[in-house]
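Line by line, the protein sequences give chains A and B.
Here the working numbering is used: the first residue of the first sequence is 4, the next is one more, and so on.
Here the working numbering is used: the first residue of the second sequence is 185, the next is one more, and so on.
FYI, nobody ran anything at the bench for these hints, they're computed from the structure.
Among the hints, erroneous ones may be present.
[As the list claims (entries may be wrong)] Between beta-carbon pairs, the in silico distance windows are:
#1 211/B - 141/A: 23 to 31 Å
#2 51/A - 352/B: 52 to 60 Å
#3 245/B - 201/A: 43 to 51 Å
#4 353/B - 52/A: 29 to 37 Å
#5 408/B - 136/A: 18 to 26 Å
Every residue, glycine too, gets a C-beta built ideally from N, C-alpha and C.
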Amino acid sequence: MRAIIAAFALMGLLLTPAAAQEADLAKAQAFVTSLADDAIMILSTEKSRAGREAAFAALLDERANMRRIARFTLGQFGREISKDDFAAFEKLLGEFIVKVYANRLGEYSDEKVMVGKAQAKKKNVIVASRIEFANGRDPIDIDWWLRLEKDGSMTLFDVRVLGVWMAQEQRDAFASVLKNNKGDINALLDHLRKQISSDS
Amino acid sequence: MFQKSLLIVAVAVSLSACAGSSEVLNNDPFERSNRFMFKVNVELDNYILKPVARGFLYVPSPVRRSLRNFLDNLASPVTLANDLFQLEGKRASTTALRLGINSTVGILGLFDPAKRLGLDKHYEDFGQTMAVWGAPEGPYLFTPIYGPSSPREFSGWIIDWTFDPLTHDDDWEAEDAIYRYAVDGIAFRAASLTLLDEIERSSVDFYATVRSLYQQNRASQIANGATNIDDLPDIDALDGLDDF
Numbered sequence: 004m005r006a007i008i009a010a011f012a013l014m015g016l017l018l019t020p021a022a023a024q025e026a027d028l029a030k031a032q033a034f035v036t037s038l039a040d041d042a043i044m045i046l047s048t049e050k051s052r053a054g055r056e057a058a059f060a061a062l063l064d065e066r067a068n069m070r071r072i073a074r075f076t077l078g079q080f081g082r083e084i085s086k087d088d089f090a091a092f093e094k095l096l097g098e099f100i101v102k103v104y105a106n107r108l109g110e111y112s113d114e115k116v117m118v119g120k121a122q123a124k125k126k127n128v129i130v131a132s133r134i135e136f137a138n139g140r141d142p143i144d145i146d147w148w149l150r151l152e153k154d155g156s157m158t159l160f161d162v163r164v165l166g167v168w169m170a171q172e173q174r175d176a177f178a179s180v181l182k183n184n185k186g187d188i189n190a191l192l193d194h195l196r197k198q199i200s201s202d203s
Numbered sequence: 185m186f187q188k189s190l191l192i193v194a195v196a197v198s199l200s201a202c203a204g205s206s207e208v209l210n211n212d213p214f215e216r217s218n219r220f221m222f223k224v225n226v227e228l229d230n231y232i233l234k235p236v237a238r239g240f241l242y243v244p245s246p247v248r249r250s251l252r253n254f255l256d257n258l259a260s261p262v263t264l265a266n267d268l269f270q271l272e273g274k275r276a277s278t279t280a281l282r283l284g285i286n287s288t289v290g291i292l293g294l295f296d297p298a299k300r301l302g303l304d305k306h307y308e309d310f311g312q313t314m315a316v317w318g319a320p321e322g323p324y325l326f327t328p329i330y331g332p333s334s335p336r337e338f339s340g341w342i343i344d345w346t347f348d349p350l351t352h353d354d355d356w357e358a359e360d361a362i363y364r365y366a367v368d369g370i371a372f373r374a375a376s377l378t379l380l381d382e383i384e385r386s387s388v389d390f391y392a393t394v395r396s397l398y399q400q401n402r403a404s405q406i407a408n409g410a411t412n413i414d415d416l417p418d419i420d421a422l423d424g425l426d427d428f
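For reference, chain B alone in the conformation it holds in the complex:
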């Protein structure tokens, strides 16, 4: 499995290397194949994921919330490691405290008492860490099942998996990992049913809209949600085009 991960990383990195050679719009040199994968995913979504996610909404909402808390708590060690890799001391201590409080007082992470103490959750992954370290993103990749991604994000996800404590836990079987990601995916999909349907319905080009949402949202995650006025596009020139 580990060798396979390395192979994926190698392919991803070589893909990102050849992408730098020509000027492309929206960092999407593989738009044709990405659009094909997107189509495949939309079908998979319509026939499998969406019906399951709709069914999931019948689970009472307190149970769903506890499940979300539990999964987030499982992801905390990876977030903590990446907080530290990024030298984010304050965020690392927030994650550590959340992990400690929610795993104990919060009964194995089923509840989120840390939030009531003002310790809000956040996510970090190795893809974000690499971005902070200055690694290039590579081209936009629409991957089957996993969805919108980039070589940097996808290889980061594999690296996260290698240092996740659960991966090294003898009681944690491969099936457990599959269940974890499947339930996480279903819960995530269920939470975004209405909004994604609405976005699909109101988009002039759903593929391009999803790409924009992903790229912007990812940049925002890397910046830890901060908005820097210096990073905004310069719109002064628009005023010169005609009378405003």
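Okay, chain A solo, but in the shape it has when bound:
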């Protein structure tokens, strides 16, 4: 009898992590489905640029961990600057992302998101998806990099479109600006401010 209990206990031990991970994968897929639905809803209902940007800002605030994205995109320079500079950067980055992607996404319409398989490693989950268009244009594959937070919630970290990770792209561009300005964070902050305030 004791052997049977021990065997069950052992099975339980073996099964729990796998089961937890499977639940995470399903949770990640659900997260992407609802995030994509929200984004498509914004694109189809918010026709004004300001309305669209405000809605995306709220979505980003709710679903992404901006602190982590800011740390990542700033790379090694993030460790060398003051807390205030970092806070200023984090705030500008949020506004910049909304501006850039609300416009880049504005091109697309009449789309449907098909969420595909998910893979997990430690606290990272990657969810594959395919965007299909009603007008017959070629579908676009998008990967979503999500992160499992300490409290069990999930947040968005990066998005890969046509083979390009967006946060990585920004990190490369930011590093270049900093390198060409002798590591002066103010140069980068100015660049971001300029982009945010440009109207076209």
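For chain A, the structure is supplied; the task is to place chain B on it using the hints.
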């Protein structure tokens, strides 16, 4: 011409050899000259390619789509050979079937009936084959007209050209090849007008952004679009920096 290609390959390989000597950011030891070439290309793009590409958009979209299909079909033999070099049996059979179906039922490749049968197109080139074989990429090179590249990609493109059946076709003149690449370039540019303009407008450093887009996209092509979670940068350390 062939001797000239060999010379370019030799120069490219020697460039990649000297690049390995010091630590450089973004695999771009020739950033100064690359930035200069990039500037030249942006001007060429603004004054020549972009206006032509805008004009091309007046061509009715079904015609443009047929042209795209036709050019892709012409590129299929090269893709097929590289599928085989990479021992990608399933992708090779997809390319072979596409070539057979689209060249016949698709009327010389003007239409893409193979797609409706679930045979989606993909591209392969010898640069990707060399990457799969383990050849180093070499430094980032921004080349005039051709754009972002690397010694591996650029020499691969020349090697593709040497075994392209069209190169050995007696009816296929040098002008035909020039028209083919020119039309391909214009069609490609026209398809990316809005997106590239938007990327240029929203970049803090357009040169660095294009470099990142190219390098990431190229790596993705080599991996046939697959995402491997083990290849991602480790971001765990970011959480330790302050309270999340």
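Verification of the hints:
Judged by the Cβ atoms, the range 23 to 31 Å given for residue 211/B and residue 141/A holds: they are separated by roughly 30 Å. For residue 51/A paired with residue 352/B, a C-beta distance near 58 Å keeps the hint of 52 to 60 Å intact. Hint check: residue 245/B to residue 201/A, Cβ distance near 31 Å, so the stated range 43 to 51 Å is violated. Look at residue 353/B against residue 52/A: about 52 Å separates their beta carbons, and that is not inside 29 to 37 Å.
Taking 18 to 26 Å as the suggested C-beta distance range, the pair residue 408/B and residue 136/A conforms, at roughly 23 Å.
Hints 3 and 4, counting from the list given before, are not met by this structure.
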